[in-house]
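J.: Sequence:
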Amino acid sequence: MSSIQRYHVGPRLCETVVHNNTVYLAGQIAEDLDKDALGQTVEVLACIDRLLAEVGSDKTKILQVTIFITDMADFDAMNLAWGEWVPQGHTPARATVQAKLADPRYKVEMTVIAAL
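Mapping of the sequence shown onto our numbering: residues 1 to 116, in sequence order.
These aren't lab readings, by the way, just hints derived from the structure by calculation. These numbers were taken from a predicted model, which means no experiment stands behind them. Certain hints may be false.
Said to hold, decoys possible - Straight-line alpha carbon distances no greater than 35 Å define the calculated DSBU-like cross-link-like pairs of lysine-lysine that follow: (1) K35 / K100; (2) K61 / K100; (3) K61 / K35; (4) K100 / K59; (5) K35 / K59.
From just these sequences and the hints, can you work out the full model?
T.: Shown next as structure tokens:
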């Protein structure tokens, strides 16, 4: 039986779970909710980098990303930040969906599955 490691455990969720050499990140959101979609996306991507590094992974090992965006009018801004961040040749499977997020100031949220 393989073990499950949990990081940044809170009362409702943990930020990172590692199981069978696979990393699962909870939905990542920006902390500065006054930023526009571009700024929030940049912040979310930096958070993803940090969480993956903590467990010995990185963005070249991302397998799948689901992006939740509150307004499709912000799609191009989000994609601009994404395009500058994602390493070419290592683009993951990705879906982007419009969603109503928990706080109306959230513009972007991302979940990630990556290999170790």
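J.: Does each hint hold? Answer for all of them.
T.: Okay, the hints, checked on the actual structure:
1. K35 / K100: Holds. K35 to K100 sits at ~18 Å (cutoff 35 Å).
2. K61 / K100: Status holds; Cα separation ~29 Å.
3. K61 / K35: 28 Å, holds
4. K100 / K59: Judged against 35 Å, a Cα distance of about 26 Å means the pair holds.
5. K35 / K59: 23 Å, holds
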